[in-house]
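What follows is the residue order along each chain.
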Amino acid sequence: MKPIVSIEDLHKRFCKGSVCVANDISFSINEGEIFTILGRSGSGKTTLLRMLSGLENPDSGTICIGNKVVYDAKTNLPPNQREIAIVFQNYALLPHLSIAQNIAFGSKASQEELLHVMQKTKIETLSSKYPHEISGGQQQRVALARAILDKPKILLLDEPLSNIDTELRAILRAELKEMIKLFGITALFITHDKEDAFYLSDRIAIMDGGDILQIGTPKEVYNHPNSLYCANFLGKMNLLPKRFMQGEKEVYCRLDAVRLGRDFEHKARIIEIVFYGNFYEVTLECENETLMAYSFDDSLNVGDLIGFEIDANRLIRFV
Amino acid sequence: MQKFKHLLAPLLGLVISLPILSLVIYFIVQNDFGVTSINLSELVLYFKNTAFVLFGTAFLVLFLGISTAFMSARFEYFGSRFFSLTFVLPLAFPAYILGYSYVGFFEFHGILATLLSQPKVKLDILNIYGVTAILSFAMFPYVFILARVSFASISSTVVELVSLKQLSFCKAFFTVYLPLAYPAIFAGLVLAVMEVLSDYGTVAYFGVDTFSVGIFKSWFGYGNLSEAINLSIIMLIMVFTIMFAESRFRAKFRFISSTHSSNKAPKIRLQGWRNALAFGVSFVISTFTLFIPIGVLLYWFYLDFNTLDWGALSYLYRTLSLNIFSSLAIIALAFMMVYASRFYPSRLGVLSQKLSMLGYSIPGAIVGIGILLLTNFIDQSVGKVLLGGSFVALVFAYLTRYFAASIGSVENGFSKIDKSIDDATKVFGTDEFERIFRVYLPLMRPYLLSGFLILYIDLAKELPATLLLRPFNYDTIAIRIYELASNEILYKSAFPSLLLVGTTAIAVLLLNSKFVRGRR
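Protein chains in written order, with this note's numbering: chain D, 271 to 589; chain S, 95 to 614.
Okay, chain D solo, but in the shape it has when bound (with noise of 0.2 Å):
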């Protein structure tokens, strides 16, 4: 796959140079693909989405969009010459603009190409109503819309999931990826929420203090992170009972690679159980050190005596 995105050696400082919120960062995106930048507040993922679309200058580095050199020690081309488009994590749509004004705003397509866009993202029926006149997923569709109308060749979405309760969160997730894959455009999603970056990404860097930790599938980066800060970070982990390290240091596992059952061959007594809706976090103790699994099983008793196996395939060491 070819790189429609590739950043070199991205710097960036703020405050008098005391706060570092790029350190260098390279990466590339491939045509297609949908791209997450995954980090806490303060990681430094926002600067990086603004430094790509211009909307943010960076001390240093390289930013290539296409085959063209939007920024580097020569150029700086402004946002709206460098074939991006933007979701934003409000919308960001103009109160005073009806939805179909809203979507062509500064936009040189046809009124057919609008009318096409409006029926994929199903919005063609609100064309003359006003943003505060729909809901917030017809919104989302509306600011889709906007930002696709041109073929931008990527698609940058700034959190445009947070501020929203748990329930619609999940419909307009699954319709932002159903979108997004209808038109075959290239994104990059920006967010601090890891179930959302692993629904919808193919790819994700894990970002931190400035600097991109790691880079890969959601499967690789969750069952292979390269550092304990990436580990800890997508989720909860077990540091494996020493008869189990055997002469190693440190081996850690996933909660969901130990698993519980009657017959299996080492046993261990549960001293805790939260309940969680759909499962139980079960805490048990093995020879003076715990260790942590999910389970399903709701005849499971605080005292009882339980089998456990851990999967060898899915330990995590770091080099």
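No lab work stands behind these hints, which were simulated from the structure alone. Ideal placement from N, C-alpha and C gives every residue a C-beta, glycine not left out.
With a Cα cut of at most 25 Å, we get these calculated DSS-like pairs of lysine-lysine: (1) D:K447 / D:K464; (2) S:K520 / D:K338; (3) S:K520 / D:K378.
Stretch-level coverage of chain S by chain D, calculated; a stretch enters the list once three of its residues show a Cβ under 8 Å from a Cβ in chain D: (4) 507 to 517; (5) 522 to 534.
Go by the hints and put chain S onto chain D.
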């Protein structure tokens, strides 16, 4: 080009503050630090009078403003909607017109005497107590308007807490509600006090020599510019002291915004004697601050009806065109300034924006003197009269004096526009022109309108700067009224006064209406 855009806001700020800067520079360069040219006993008199008037009005304005604001925001009683309008309307009156009408009301053979059929009944109000009362009547709406918003937005949880703790009304008022409104009350008070400091027409008519009267005396009376400048600098120091106190106070009470919520407590319907009391208090306050002055003006108008000077209409026309033009120019510059500092920010821009807002707290007479200095300097350098006594000089003075009044509503408007809208227009928009005319001007319309109305009201009431700087023989309606009153033909001033107050009252009502407020 991009560089130039970053310079726009700093340049604008510099130009706007130029009159005040030139005053300070002149003061330093001339090195006339000693108050040598000023008679010391006069200075003491100015100081005593100014201090008395300031503290007196502050006290009365607080009393009137807080009581009316609390009643209007928290209670429903007989006539409460009507009174919420009559409490705002004194803003339409320049203080000096209020003063003239009161003098006419209480004078020997005046209206009160006529009403009582006792021609000898009179009350001498042409003194410092009289002027203090008049200025308070004219300025209390500043506290009323701001405190009312604050009292009205007290959250229902606070009210529930008060009732759970079973606090008495007095205790709840003084320990909970009043402190919550401190920032708003203080902001209103500062506006009122600054206006009082700036007033020339009223104090001059009442014969109370304050600093602004002193400035006029030294300039018009003795043609002594450097004395006028020295007095201005002393007054500037007072202004800065007040501004400093305000910023300290504001910092102290910053926490308060968290107790105001969108979940507002409902108004209480008053019954029985409480209803009667609220009505009575409101009626008495409005009688003194609004009904008597309007009544006097209407009575004079009636007396004068057969000999009306229709020339007043041409003064009105002049005033309207001058004010509308100036207001539009100022609001347009304010828009440019805020737009430029939002999209092309620079540290210099922030500083110069602060500088440009100085004028609002600086009396019109001082700004006028600053402009005189500046135009003298320019005219002398060019070698002919270019700016002196021109409209440009007058509009420049208005700009310096009232720029802050307009920039407040423009900034407020811009602050309601999410930053992501800026980003969206950069990403999707085509050029600056489209951005301004298709996005920001339409979005800002209600704020620009309210900024325009505020400017219009301020300019229509303005007297000192206009008196100092008006082009030869160019009388605005405010000046015409001032001259008629100065020549002791008070009843003749009624017609132009009604015309002036009529137009400002329309602006005040519009500003207060849902038409402007509701669309924000």
